[in-house]
Amino acid sequence: MNLLYHGRKISGILSVLPSTISKFDDEAGNYSFPRDKTMRLKSVMGFNEHRVVPEGVCVSDLCVFGIERLIADGKLEKDSIDAILLITQSPDHFMPPTSNIIQGRLGLKRDMICLDINQGCAGFEIGLLQAFALLDQQEIRKVLVLNADVLSRKTSKQDRNSYPLIGDAASITIVERSGDDIPIHANVQMDGSQREALQIPAGGFRIPATPATAIMKDDGSGNIRSAENLVMNGQDVFSFVMTEVPPMIQSLAAYADTPLEKIDYFLFHQPNKFMIQKLAEKLEVPYEKMPGNIVENYGNSSGVTIPVNVTVNLGERAVLERLKVCFAGFGVGLTWSSILMDIGKMDFCYSVNFE
Amino acid sequence: MQEFYKKLADILEVETVSRDSPVEDFENWDSLGVLAILAMIDSTYKVSISSAEMTKVRKVADLEDIVKTKMAK
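Listed in order, the protein sequences are those of chains A and B.
Add 138 to a position in the first sequence, counting from 1, and you land on the number used in the numbering used here.
Add 16 to a position in the second sequence, counting from 1, and you land on the number used in the numbering used here.
Keep in mind that the hints are not guaranteed to be accurate.
[Stated by the list, open to error] One-sided and incomplete, this derived list gives chain A residues near chain B with beta-carbon spacing under 8 Å: (1) Asn168; (2) Ser170; (3) Lys175; (4) Arg178; (5) Ser181; (6) Val182; (7) Asn186; (8) Lys295; (9) Gln296; (10) Ser359; (11) Gly372; (12) Phe376; (13) Met380; (14) Phe412; (15) Lys420.
[What the hints assert, rightly or not] In silico DSSO-like pairs for lysine-lysine, Cα to Cα no more than 27 Å straight-line: (16) Lys23(B) to Lys420(A); (17) Lys72(B) to Lys175(A); (18) Lys280(A) to Lys462(A); (19) Lys280(A) to Lys180(A); (20) Lys420(A) to Lys22(B); (21) Lys89(B) to Lys175(A); (22) Lys86(B) to Lys75(B); (23) Lys355(A) to Lys72(B); (24) Lys22(B) to Lys180(A); (25) Lys22(B) to Lys411(A); (26) Lys84(B) to Lys175(A); (27) Lys292(A) to Lys89(B); (28) Lys89(B) to Lys213(A); (29) Lys427(A) to Lys89(B); (30) Lys180(A) to Lys23(B); (31) Lys72(B) to Lys23(B); (32) Lys462(A) to Lys22(B); (33) Lys400(A) to Lys483(A); (34) Lys247(A) to Lys22(B); (35) Lys411(A) to Lys23(B); (36) Lys86(B) to Lys175(A); (37) Lys411(A) to Lys62(B).
[Stated by the list, open to error] Looking from chain B toward chain A, a few residues come up when the C-beta cut is under 8 Å (computed): (38) Asp46; (39) Ser47; (40) Leu51.
If you're looking for bench data, these hints aren't it; they were derived computationally from the structure.
Quick reminder that beta carbons are idealized off the backbone N, C-alpha and C, glycines included.
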């Protein structure tokens, strides 16, 4: 469905990246495949380095670190936060909500709303859309959209299908009313009939964790994982993205009456480099307008790849200039969503290492 | 479909492929090879093939038939 908003802006983005760098070359020996076969994947899929959290680090740790940094850097006042929207699939606990944990750890005011949203690859868009809606309320002036995941902890190190690309990260995006009337066009679609394309089968209430669900098994193609690990059907996800994403972008551009050539950047979720290149080709967009360098340098951190894309590739430009950008996320759910909006003149746009 | 065979041979890094070639005989018919083939079929013939359909492919002929059937729809 098409969605339309007015008078909303992103006033700052901070990315929080774990300091630990894991290198594909060092991991190649973990897989059951011959090394030369594994190395073929490197250039095509963009497997190089990815950031993973040290043992025991949780989503709230990354978010609290980032918010404290913003407060220390003079970019954010503690009492100004009226809402926290945390989009994650790796909460600290089943209950309470991790957004409440973050609020409590930071000692934020009680007169606010905290919400956890279970979304992944399209989590940046879903979070923004919710923030835009909350800002209809006069008493809500500043919304923190927190995208954070530590899914490396749920991914088997012997699963060549997923481990080389998985990344951990968090981002803090501040959304406020803009005072202007510039439209923001968006769309969102869901297909729960394909819910098994990306999942963590066991460990919830449907299949509780037991010794049996922890057994590591070969899936028949040489990847070894347990039912408690993240599992992805790469072929089906690829076919879904190639089938659904280009028409979604074409339709968004038509809805906004904006030809693709007028868009400065296509800041898309980055499952792997191969998929981003194929999307650029299919949409006939130059590669330099659709950066694909996040997954090979930081990994696929689910909904966090887009904010990382903005802080790494635009950085200061998002503070100094105004740019017309198209965000698009697609994956788990299945969920796919895109937003066409102007960004720029932000108060801040940078990345920090989590220590 | 001459072009189809040529493109398949390029991806699989072999001299030629024929209708009767069993796909498991190709060394490069692995997850990466299959993904590259799906991408080629998507961009050249504008059809998309699911993993369930792909696992039923035994010979190159099976794949060619899926593509032709989907293109006719």
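**OP:** Run the structure past the numbered hints and jot down the numbers of the failing ones, going up.
**Re:** 1, 2, 5, 7, 8, 9, 19, 21, 26, 27, 28, 29, 32, 34, 36
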